[in-house]
Amino acid sequence: MNLLLLLPALLMIGLVFVWPMIRYGWLSFHANSVLTGLNPVPNGGANWIRLLDDQRFWQDALQTTRFAGVSVGLELLLALAIALLLDQRWRGRGVVRALALLPWALPTTMMALGWRWIFNTPYGPLERLNEFVGLGPLNLLSTPMWTWLVTVVADVWKTTPFIALLLLAGLQTIPKDLYSAFRLEGGRPIQALRCITLPLLMPYVLIALLFRGAQAFGVFDLIQVLTGGGPAGSTESVALYAYLNAMRFLDFGYSATAMLAGFLLLTSAMLILAMLLRLSGLMKPVQP
Amino acid sequence: MKRRLALWICLLLVWSLLPMLWQLISSFSTAESLVNGSIPFLQRWTLVHYKELLASDPPFWRYLLNSAIVSALTTVITLALAIPAAYGLARVPLQLRRVLRWITVAAALFPYVLLFLALLELARRFSLGNSLIALAMPYSGLAMPLALLLLTSVFESLPRELEDAARLEGLGLWQRLRWVLVPLLAPATASTAILVFLFAWNEYPIALTWLSRDELLTLPVAMARIAGSSIYSIPYGAYAAATVLGSIPLLLLVLICQRQIVSGLTNGAIKG
Amino acid sequence: MLHLNGLGKRFGEQWILRDLNMQVDEGECVALLGTSGCGKSTALRLIAGLDRQDEGSIELDGEPLDSIPAERRRIAMVFQSYALFPHLSVRENLNLGLKIRGVSPAQRQQRIETVLDTVRLREMADRRPQQLSGGQRQRVALARALLRDPRVYLLDEPMSNLDAQLRDDLRPELRQLILQGTQPVLYVTHDQQEAMALANRIAVLKDGRIEQIGTPEELYKTPASQFVASFIGRPQINLLPVDKQLTIGIRPEDVGFDPEGMPCRLISREWQGASQLLLLDSPRGALRMLCAGDLSLSEPLHVSWLTSAEHRFDAGSGHRLAE
Ligand SMILES: Nc1ncnc2c1ncn2[C@@H]1O[C@H](COP(=O)(O)OP(=O)(O)OP(=O)(O)O)[C@@H](O)[C@H]1O
Ligand SMILES: [Mg+2]
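Just so you know, the protein sequences line up as chains A, B and C, in that order. Numbering (my numbering) for the first sequence: -3 to 284. Numbering (my numbering) for the second sequence: 1340 to 1611. Numbering (my numbering) for the third sequence: 562 to 884.
Derived by calculation from the structure, the hints in this document are not laboratory data. We treat Cβ as the ideally placed atom computed from N, Cα and C, and that holds for glycine. Some clues are possibly wrong.
Said to hold, decoys possible - Partner residues are not named here, just some residues of chain C that face chain B (Cβ under 10 Å, in silico):
1. Glu684
2. Arg705
3. Leu707
4. Arg709
Unchecked claim - A partial selection of chain B residues facing chain A, derived with a Cβ cut-off under 8 Å:
5. Pro1358
6. Pro1574
7. Ala1577
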């Protein structure tokens, strides 16, 4: 009976999450592009061999990993500061919390459009500021390094509130008595942060790390709208590359291969990360 | 001490709100004043961007409506399936529950962009493209893991005796759900509903590939399509106006429901 | 008449309840008495149909209950935690079941008002359970059980969450409301005093099995084992080992002063008003003794008891030895 209730939801999850992976596995061993008239034709492991040799894919994988690492790292630091701030008691905390949450709630594509205006050369406010202080135009959206930074900033701006809330939830589970006891022991506030807050917060940090890491690796909306992967492919992500293969080059077999490969890379990265964390003893065996 | 706190709070607000404020200012500025800083202050302002947006074909509010339809439908479907499922999940034997829990967590972590191709195939196969109602199907599937996680944890935290008491009162399964469990879960259901709604409202890659007809686009796709034109000739005033109009529903939603959103995220964090 | 035949329940490999045989007559109240975790609640849940037994059967008035789901057994249970619906007011709590069972609105209204008067909660009718005191919640739970118009009442430690004073106050109410009906009542408790005060018969449970079942008097006078002897009667019975085979039980109230008796040293005394409890150091070991509260004591004390008041137990198994 209970299983019966579960069935529709599980079917739905299976159809949406599991079926695609199976389908990609199958497609990745087929040529399915304009050349084959968009019909799948078995081609052995040709897609996979091509992938191994595909400079662009590996470049994108590297770039996506770097993007995920840097932005999630920054987000965690900033979020921790914000969470500590919001954990204090002050009037108007609720309103500020809601306002701070706004960036997270807005559609990524919409703000991506906004960022294009803000980082516009030469009319955006940032370039005007650069001009004003004498740096001259930095061509924020046409220099690879700056553009990459812009994507990081945009991602950090959007997802920091979310992580801050997770961490805030964690902070609020720490009994305040612990701090009182620590003070009676002669500890100073800054030591309390290191000896009490951080260790007790660690599980939440790790949850945020895993969750956001996976999401950031799948970055798509932001890159597609903000930079389109450019300039010169320098900000292209794995997901965007797979998307282009399917929708622009109409090579579905290879697109499926790229996505499956991305998924496998991500899974192994997560597993290694989880294993390292467990080995280092930071993570208690996860209680599901 | 107080002053330093205030300073940090201001910084936080500036960081969060300034980009949006800039959009707001831009949306009321004439095209000329956006590129020319020397125009006198009083002559910079205009409503023309908004007028254009609302007069375009299809009018901008159409996208908002489309998004609202898909999101509402998604929320309803997801909850309708997730509530009974979460009930079931909280009551299956521990071992099985653990396995199912892991599957849901993994699915919730999954960067769903990677699914778009297979889903697009399904859409083509069953002619589901360009239909807002059909789009709610994959959306419900994608939002299901999150909804399940949030709701299961609440079901598990309900004392078993409450349901037992209802059984002894003669309530059948559906009556128990209807009269006892769902009302008890109302707060959790509300916060789950809001998070699912936000997901559907903001979803981009699936909508991008499933919808192509202008009058059916959801807000994120419409935005991206506006951005799709050349970088150099972009009418930024109109864009800014679009972001402002597009933000208003969410602004209201977040301000009104912030408590539910926060508690939903918090629950997810503690249990997930 | 409720009949339990060899009821058993296990979780995994472990039997929580085994071989439960019992009969509760019309209008009779049987108390299930036992330590925490011995399977009392489990037994009630089996009877209510909330869990399924792994062996044995349950009969009510000669009709087997086993295939009837809990919803349709017409059995009322008052839970340890009361299990009042927190989202409903007192009145709505009482109303919900009636509505589901298809009672007409007019009749519902009338029955709820009556029962609210009975449990004296009329002024509280529109409050939520959280806004009630423990005793009031318990009365709401009782009212809900009364409205169920059940064929059997099951009460699972209905007073364990209340303070001692309130318990004493509520006991007469409970007796009047439920125990005077014609339905069989099973009353779970770990408080022997409560069991003795309320029940016609008491079943003492140990590790999921019935150790002894009988009237309070039988249990007090002829406990079947050391376990029952020390469970029934306060202050606790003295268990004095005689040799490898024999242990003697003697109740503190059966010990008396006797110039010819054993010499004892007074270790401590608890003054209880009308009586006082002495803890003595005797040649046969520590000894509890009950005597009048106004007695002034002078050492050395000499005590003894009648051999007829002794309970004799097998030292190994703890079972009562034949007279
Ligand atoms: N679902 C379950 N799974 C495994 N063991 C259980 C389960 N439910 C109860 N038990 C075990 O069964 C035993 C009896 O539990 P039960 O609740 O019947 O005890 P009880 O006599 O009512 O105790 P208390 O006086 O504390 O209420 C306990 O040891 C408990 O650990
Ligand atoms: Mg119990």
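Handout entry: Violating hint indices (sorted, rising)
Key = 1, 3, 6, 7
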